[in-house]
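A.B. asks: Sequence:
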Amino acid sequence: MVETDFILTERREGYRVITLNRPDRLNSFNEAMHAELMSALLEAEADGSCRALVLTGAGRGFCAGQDLSDRVFNPGQVPDLSSTLERLYNPLVRKLRALQMPVICAVNGVAAGAGANIALACDIVLAARSAKFIQAFAKLGLVPDSGGTWFLPRLIGPARARALTLLAEPVTAEQGEAWGMIWRAVDDASLMDEANRLAAHFATQPTAGLALIKQALDVSETNDLDQQLDLERDLQGRAGRTPDYMEGVTAFFEKRPPKFTGKA
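Just so we're aligned, residue 1 is where the sequence shown starts under the UniProt record's numbering, counting upward by one.
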C-alpha cells in the first residue's frame with residue numbers, strides 16, 4: 001500500500017486499486033488531491049505489470065466533486081473556473097479515457113458534480129445500491145463539466161440527460177443500471193469484491209487488444225459507418241500482430257486456457 005496525503009494505491013497481482021482518501025470531505029477535490037491522483041495514474045500507466053485499475057473512494061462516498069472550501073474568493077474577485085477545468089479536471093478525464101487498460105470505478109455512496117462524471121469517464125462503473133449520482137451543477141448556476149455533457153447524452157439519451165442536468169435530481173444505482181448509465185448495481189457489501197473480481201479477470205486478458213477496443217468505441221459516436229469500418233480494419237490489423245492473438249488461436253486449437261501477456 002502506497003499512501004500520500006489524499007490518495008491510497010494498493011498493488012495487487014496484475015492491477016492496482018486507487019482510492020480517493022479525503023473521507024471527511026466526501027473525497028471532494030482540492031488541488032493537492034488532483035495532483036496526487038494524476039501521479040498515481042501515471043505511475044500505474046508506466047508499470048508494465050499493471051493491466052487494470054480500480055478507482056474508488058474511502059468512507060461513505062465516492063466523490064462529492066469540487067471542494068468548495070478550496071474556492072474561497074475575495075470580495076469583488078471574479079473566479080476563473082475555466083482555468084480550473086483546463087489545468088485539473090480536463091487532464092484527469094482525458095487521462096482516464098486514454099489509459100491503455102480497463103478502468104473500473106467502484107462507486108460507494110454519493111458521486112456528485114465532477115465526481116459523478118469522473119466515474120462515468122471510467123470503462124466499467126459498478127455502484128453500491130446505496131450510491132447516488134447527482135449532476136449538482138445547476139444548483140450553483142454552473143454547467144456540467146468533466147465530460148458530463150458528453151457522457152450523459154451518449155449513455156442515457158438526450159431527454160434524460162437534459163432533465164438530469166437541469167433538475168439536478170439524484171439517480172440511484174439501480175436506476176442508473178436500468179438506464180444504461182452504469183454497468184451494474186451491486187449490494188454494498190459486495191462492491192469491492194466484484195470490482196476486484198473484474199480487475200483480476202482483466203489482469204489475465206489481452207491488454208493491448210482491450211486498449212484497441214477502447215480506442216474504437218471512443219470514436220464510434222462521431223465516425224460515420226465508412227470511417228468506423230476503416231478504423232476497425234486498421235485496429236484489427238494491429239491486434240492480429242500482437243503475441244496474444246497468436247496465443248489465443250494456439251490455445252483454442254490445443255484446447256487449453258490461453259496465457260496472455262498483455263503486450264502489444
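Simulated from the structure, these hints should not be mistaken for laboratory data. Don't take each hint at face value.
Claimed, not checked - DEER-style ranges, computed between Cβ atoms:
{"no.": "1", "residue 1": "Gln228", "residue 2": "Glu174", "range": "29 to 35 angstroms"}
{"no.": "2", "residue 1": "Glu254", "residue 2": "Arg197", "range": "22 to 28 angstroms"}
{"no.": "3", "residue 1": "Asp24", "residue 2": "Val2", "range": "33 to 39 angstroms"}
Unchecked claim - Computed cross-link-like contacts, DSS-like style, restricted to lysine-lysine with a CA-CA straight-line distance of at most 30 angstroms:
{"no.": "4", "residue 1": "Lys255", "residue 2": "Lys214"}
{"no.": "5", "residue 1": "Lys214", "residue 2": "Lys263"}
{"no.": "6", "residue 1": "Lys259", "residue 2": "Lys214"}
{"no.": "7", "residue 1": "Lys259", "residue 2": "Lys95"}
{"no.": "8", "residue 1": "Lys139", "residue 2": "Lys95"}
{"no.": "9", "residue 1": "Lys255", "residue 2": "Lys95"}
{"no.": "10", "residue 1": "Lys263", "residue 2": "Lys95"}
Think of the CB as a built atom: it goes at the ideal place given N, C-alpha and C, for glycine as much as any other residue.
A.B. asks: Next pair to validate is Lys255 with Lys214; report whether the Cα-Cα distance is within 30 angstroms.
C.D. replies: holds, 28 angstroms
A.B. asks: Run the distance test for Lys259 versus Lys214: straight-line Cα separation, threshold 30 angstroms.
C.D. replies: Roughly 22 angstroms between the alpha carbons, so the hint for Lys259 and Lys214 holds.
A.B. asks: Would the hint linking Lys263 and Lys95 be met if the CA-CA limit is 30 angstroms?
C.D. replies: holds, 20 angstroms
A.B. asks: Between the alpha carbons of Lys259 and Lys95, is the straight-line distance 30 angstroms or under?
C.D. replies: Since the Cα atoms of Lys259 and Lys95 sit roughly 28 angstroms apart, the hinted pair holds (cutoff 30 angstroms).
A.B. asks: For the pair we were handed, Lys214 and Lys263, check the Cα-Cα distance against 30 angstroms.
C.D. replies: holds, 16 angstroms
A.B. asks: Take the C-alpha atoms of Lys139 and Lys95, compute the straight-line distance between them, and say whether it is at most 30 angstroms.
C.D. replies: With Cα atoms ~28 angstroms apart, Lys139 and Lys95 stay inside 30 angstroms; holds.
A.B. asks: Lying within 29 to 35 angstroms: is that true of the beta-carbon distance Gln228 to Glu174?
C.D. replies: holds, 33 angstroms
A.B. asks: Are the Cα atoms of Lys255 and Lys95 separated by 30 angstroms or less?
C.D. replies: Given pair Lys255, Lys95 is violated - Cα atoms ~38 angstroms apart, limit 30 angstroms.
A.B. asks: Mind checking the hinted window 22 to 28 angstroms against the Cβ distance between Glu254 and Arg197?
C.D. replies: About 27 angstroms separates the Cβ atoms of Glu254 and Arg197, which means 22 to 28 angstroms holds.
A.B. asks: Could you check the hint for me, namely that Asp24 and Val2 are 33 to 39 angstroms apart, CB to CB?
C.D. replies: Taking Cβ atoms as reference, Asp24 and Val2 lie about 21 angstroms apart, which means the hint is violated.
Hint compliance for this structure: hints 3 and 9 are not met, and every other hint is.
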